[in-house]
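J.: What follows is the residue order along each chain.
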Amino acid sequence: MTKPSNTHRPSAGPWASALRSLLRNRAALASVAVLAFIVVASLCAPFYARHVAHTDPFVSNVAGTIMLNGQETDIMQPNDNPLHLGLSPIGPTGHTAYLLGADSQGRDIMARLLYGGRNSLLISFSAAVLCLVMAGTVGIAAGFFGGVTDMVLSRLMDIMWAVPVYLFAISLSIVTITSGLRIGPFVIEADNLLIPIVIIALVYVPYAARPVRGRVIALRQAEFVTAARCLGVPRWRIVLRDILPNVSTTLVVMGPLLMAMALLAESALSFLSIGVQAPAASWGTIILDGEGLIYTRPMVAIAPGLAIVAVVLALNILGDGLRDALDVRDASRRE
Amino acid sequence: MSAGQIVFDGQDITRLPERILRPLRQQMQMVFQDSYASLNPRRRIGDLLAEPLRVHRTPDGRKHTPMTIAHRLEELMELVSLPRAALERYPHEFSGGQRQRINIARALVLSPRLVVADEPVSALDVSVQAQIVNLFADLQKSLGLTYVFIAHDLAVVRQISTRVAVMYLGAIVELGETDTVLHNPAHPYTIALTQAVPRPIVGAARHAPLRGEIPSPVNKPSGCRFHTRCPAVQTRCQNEAPTLTQIAPNHRVACHYPVLK
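As they're listed, the protein sequences go chains A and B.
Under this note's numbering, residue 335 is the last one in the first sequence; the count climbs by one each step, no gaps.
Under this note's numbering, residue 261 is the last one in the second sequence; the count climbs by one each step, no gaps.
One chain only, chain B, in its complex shape:
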């Protein structure tokens, strides 16, 4: 990790050694973008899903028995709407959407409280995307999960999230309720993002896209990270980095000159 800190449940876990981190991992799981690359091609689905149960113990410190593992796997298959027979198959025998269901099932094996989903639908067909997003939403309701859902498609973001953090060059520039951030964006970058969404209206006015390229994250611009491309840049932005400040209840922006409505 290059900078920042990770706090889980009030505990700073940024630099915890693996030995202490391992039991905590049961409570936070991850779904990856590439549904194929994240499944070992040489192992059957049942074997892949059983792995977390084999390496972790039950809450009262006992090993999971083959019986309870088999039971749990069937439960999970039902949860993500896959046939039980899928457990006997290899990853390459599934479509992208089915594989993502398997990845979700694997993330849920240990009944985590937090699931980090890194662009879980961006590699899927649009029709399949909707199914997977709905699956995420259903599971969130029935299991009471918390997601950190990373996405670049604002339609997906609107569908799945309650709070949104907009990031530019590795830093949060705007944070707030989904409705607020997407309908009343205050940061020039968020505004540019929302305007970049294609609108299905013939003759709709098009907004000028952002100029220039994203600067290298290794060699970040001075002052505000966004100043090289900001349409409303001022001299102050070049020298002074803005901090994330509250501009309204539950709405924070890192900008010297936020657009307020």
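Okay, chain A solo, but in the shape it has when bound:
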């Protein structure tokens, strides 16, 4: 314990010291690097498609050809079976064009993978943030105000919790996928990414709201909250200045884990073709495209699968690192 004595350097805040301890965590740093690489690569998708692969990954190209080793090669090639019946898309070429091969519509898998990453990451990140905002609001309101507010909100969460997440998400998606979403004067088209974002955020709210509520109930009885009330601090100000900063660590730690769950949910919905809509790509839709090619061109399904695994794993390691880093000695010891 340092005492304020001779040094006049202002001390590091809880966030600064958490960041410092996160920077010492090699596993967490490695996962940040992996995530950064995947995010940057996904952001470069249009550049890759136009200037590296020279293809349009949203247009079917079954009759197209590419130049491989100086000779023109069909993208759709006769099968290897003895009778050469049917056509299969080209496999991994090892060249910039069709690096990972093509899908059944002759589209460049690598380019689609990058474009798919944009959608998958955008949806899972936005869903996680939206979920945290909703869960934070619900959890703080239920925990701090208690009584009837808590009763209503907690039972609502319980009802949502009682329905399996995926079943819930699938039901909501099927309803909205045909007609879009109409809330009063606002209409969200069926192919708008907001629909999977809102649905995924919503189904995970109970999972995030409950720990927040528990934290807030503990905090509400903390002596510093009593002290603030003694000082005559209004309740809304106590929520913002005393409760929220102490809950924010819980929210931040849940962030990456929620994003990982959201990514899996998004992939599942897209795989069932009730998430991201064709011709747009997401890792889930590419896996769906690869399903029929699983014996001949397994790379179509494996590549997005590996991307999902990498991101989910990195997010989980990052989440663990954040939890360790934010477990500020004194803040956690007292609870």
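Worth double-checking, as some hints may not be accurate.
Taking beta-carbon pairs under 8 angstroms as the criterion, some of the chain B residues facing chain A (in silico) [stated by the list, open to error]:
{"hint": "1", "residue": "Ser38"}
{"hint": "2", "residue": "Arg42"}
{"hint": "3", "residue": "Arg199"}
{"hint": "4", "residue": "Gly203"}
{"hint": "5", "residue": "Tyr257"}
Quick list of simulated restraints, FRET-style, between CB atoms [what the hints assert, rightly or not]:
{"hint": "6", "chain 1": "A", "residue 1": "Asp324", "chain 2": "B", "residue 2": "Ser81", "range": "35 to 43 angstroms"}
{"hint": "7", "chain 1": "A", "residue 1": "Gly146", "chain 2": "B", "residue 2": "Leu244", "range": "51 to 59 angstroms"}
{"hint": "8", "chain 1": "A", "residue 1": "Leu29", "chain 2": "B", "residue 2": "Gly144", "range": "56 to 64 angstroms"}
{"hint": "9", "chain 1": "B", "residue 1": "Gln27", "chain 2": "A", "residue 2": "Val163", "range": "20 to 28 angstroms"}
{"hint": "10", "chain 1": "A", "residue 1": "Gly146", "chain 2": "B", "residue 2": "Ala3", "range": "40 to 48 angstroms"}
Just so you know, the hints here were simulated from the structure itself, not pulled from any lab data.
All C-beta atoms in this analysis are idealised placements derived from N, C-alpha and C, irrespective of residue type, glycine included.
Got chain A sorted already, so can you dock chain B onto it with the hints?
T.: Only chain B this time, still in chain A's reference frame:
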């Protein structure tokens, strides 16, 4: 609150709504037992001390300016003998005694007339206890404060107080000047308390401690609350609750058979 009433400055404030109570809160502040738990770990000391000034207005109804707030905080740091640099730090960077100084400073920000101190030194080391008790005593003199100082250590009580109220199971059993109550206790419970203080004399006679456990405050004994453990219990005590009655000038006791000297 379960029972009783709170009167401040002649006004019953027991059931006042928060809206009316808030301006009154400026005049009465509180210091808590746990010096760490009563400071939000995520806010700097300066921020914590400025909070009361940000939510209350000056006596002539204006907001406190950042200038006056900064000035007031420096004044307070001086008052509780902490360096100004402490304002930039977080609660976990201080020792228990320093944190209690911060809590005292926060209680004094609004220049209250009454400070309720709930066991403010019982969680501190004995050497630090003395410093904090002396700080309380000095501030009382220089600022003309009134304390309601809750403590279980009779040495601390003797040091800080002018009047003492002895409580058992949530009710006052004896009330009077400090000297009277501690040297001529009239209630059997007060007598047991004063006898329980360890005396630094080798071979000093030891008094028998009270028998039994403290009954549950939810399910209080009939009659006198103390009758289950009283060494001088009589039949009357089991049925009839004694009221706080004057036995001498400035000395009141709630006992049917007070010990009078």
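J.: Can you give the numbers of the hints that this structure goes against, from lowest to highest?
T.: The structure breaks hints 3, 4, 5, 7, 9, 10; every other hint is satisfied.
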